[in-house]
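Asker: Hints given; two lone chains; assemble the complex.
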Amino acid sequence: QKEVEQNSGPLSVPEGAIASLNCTYSDRGSQSFFWYRQYSGKSPELIMFIYSNGDKEDGRFTAQLNKASQYVSLLIRDSQPSDSATYLCAVNMGAGGTSYGKLTFGQGTILTVHP
Amino acid sequence: KAGVTQTPRYLIKTRGQQVTLSCSPISGHRSVSWYQQTPGQGLQFLFEYFSETQRNKGNFPGRFSGRQFSNSRSEMNVSTLELGDSALYLCASSLTSGGAMTDTQYFGPGTRLTVL
Chain A
1 QKEVEQNSGP LSVPEGAIAS LNCTYSDRGS QSFFWYRQYS GKSPELIMFI YSNGDKEDGR
61 FTAQLNKASQ YVSLLIRDSQ PSDSATYLCA VNMGAGGTSY GKLTFGQGTI LTVHP
Chain B
1001 KAGVTQTPRY LIKTRGQQVT LSCSPISGHR SVSWYQQTPG QGLQFLFEYF SETQRNKGNF
1061 PGRFSGRQFS NSRSEMNVST LELGDSALYL CASSLTSGGA MTDTQYFGPG TRLTVL
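Residue numbers (the working numbering), protein chains in the order written: chain A, 1 to 115; chain B, 1001 to 1116.
It is worth saying that the hints were derived from the structure and are not from the lab.
Treat the hints with care, since some could be wrong.
Okay, derived cross-link-like pairs now, SDA-like style, lysine to any residue, Cα gap no bigger than 20 Å in a straight line [what the hints assert, rightly or not]:
(1) A:Lys-67 with A:Phe-49
(2) B:Lys-1001 with A:Leu-46
(3) B:Lys-1013 with B:Leu-1088
(4) A:Lys-42 with B:Pro-1008
(5) A:Lys-42 with B:Arg-1112
(6) A:Lys-42 with B:Tyr-1010
Extracted from the complex, chain B is given alone in its bound form (with noise of 0.2 Å):
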């Protein structure tokens, strides 16, 4: 079974410009969440996608948004990019995030975003 796929794989922008970021789940994984990692930060929780509804958001800015298509592929959006925002972007998938068993979450390769 494929393992989950990110694009694109490296991105650079500069400041104010905005970017999408492409995740796709293990096949027959609907859930999927979006981690930010930086050095300084660690690994911190953006948002979580669930049959295309969003279900639960980390303390991060509204510049940073998502979406879920029907085929349980997600995409994430930065706006106005600025320079903190440079890092690696993960997506996760799991069966499902009830708190069960099934909420195993496996990690794509991530993008990584440089703001110049």
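If we strip away everything but chain A, and leave its shape as in the complex, we get (with noise of 0.2 Å):
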């Protein structure tokens, strides 16, 4: 079992389609995640981050993590063509010296938003 999964793609929706992407993670004492966006050949771009168990919103973006379900998903509403780009989740895992400064990525989400 990978430490990250991300649900399998490529995703495509049309536009002003609400985009869902799901993460889930091994590590049950894992204390924070993060979602990045990246488009073809540039670096990782950081959408959000939740630490605790509910939902958060930012403008169109909303995450969700359930620390019981080990699952953390990000909806993007109203999705547009700009958003196409793959999406990585990212879990700082374990405790302590082992989790310094460690991100663990999931394989990404390749998201397309069709006009």
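Answerer: Take a look at the structure:
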């Protein structure tokens, strides 16, 4: 089992629709969860972080965390063609020294928003 | 506030050579993490530095090393390059890395290394 798994893609949605991206993680003690967006040929760009169970909203983006189910998701409302990118789920796992500065990434989900 | 900067942006080397990559974190950030990104393996953690000390290390051979200076700038070195070292090398900075809310990492543009 991979430490961080994302729903297989690619995911294609029409403009204006809701895109749903999912991620599960293996370490129940994980504390910090991040979503990054990466355009082709570019570096990852932070979209959101979430630490507590529940929902966190920022503009068109909503992150959802369920620690009991070891599940984190990202919803993108009113999807735009400019949202087309690879979305990376990242988790800071472990505790103490093993967690310092280390994010464990999923393999990414490619999202295409078509007009 | 300026973002994370990395130099050089592109490098072409041959097998057996060594390479040094540089990373300047966001002003005030004291933690620098390095990652390797390849199409097959995705993003993999190399190591993390904080206050000039390596505090965490990923599962990479000893050919990969790094250091951090007193101004928080960091370098990573790869010796005896192999074809498989061709990748995008990314550094990311954060305020600290203690697992609190200050551990949010911001990435630089990366250095694209090609080994021939």
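Asker: When you check the alpha-carbon spacing of Lys-42 (chain A) and Arg-1112 (chain B), does it fall within 20 Å?
Answerer: holds (10 Å)
Asker: Are the Cα positions of Lys-67 (chain A) and Phe-49 (chain A) separated by 20 Å at most?
Answerer: At roughly 14 Å apart (the allowed maximum being 20 Å), Phe-49 (chain A) and Lys-67 (chain A) satisfy the hint.
Asker: Does Leu-46 (chain A) lie within 20 Å of Lys-1001 (chain B) when you go C-alpha to C-alpha?
Answerer: The hint holds at about 16 Å.
Asker: With a cut-off of 20 Å on the C-alpha distance, tell me whether Lys-42 (chain A) and Tyr-1010 (chain B) pass.
Answerer: Between Lys-42 (chain A) and Tyr-1010 (chain B) the Cα gap is close to 13 Å, so the pair holds against 20 Å.
Asker: Could you grab the alpha-carbon distance between Lys-1013 (chain B) and Leu-1088 (chain B) and see if it respects the 20 Å cut-off?
Answerer: holds (14 Å)
Asker: Are the Cα atoms of Lys-42 (chain A) and Pro-1008 (chain B) separated by 20 Å or less?
Answerer: Distance ~15 Å between Lys-42 (chain A) and Pro-1008 (chain B) Cα, so the pair holds.
In this structure, none of the earlier numbered hints is contradicted; all agree with it.
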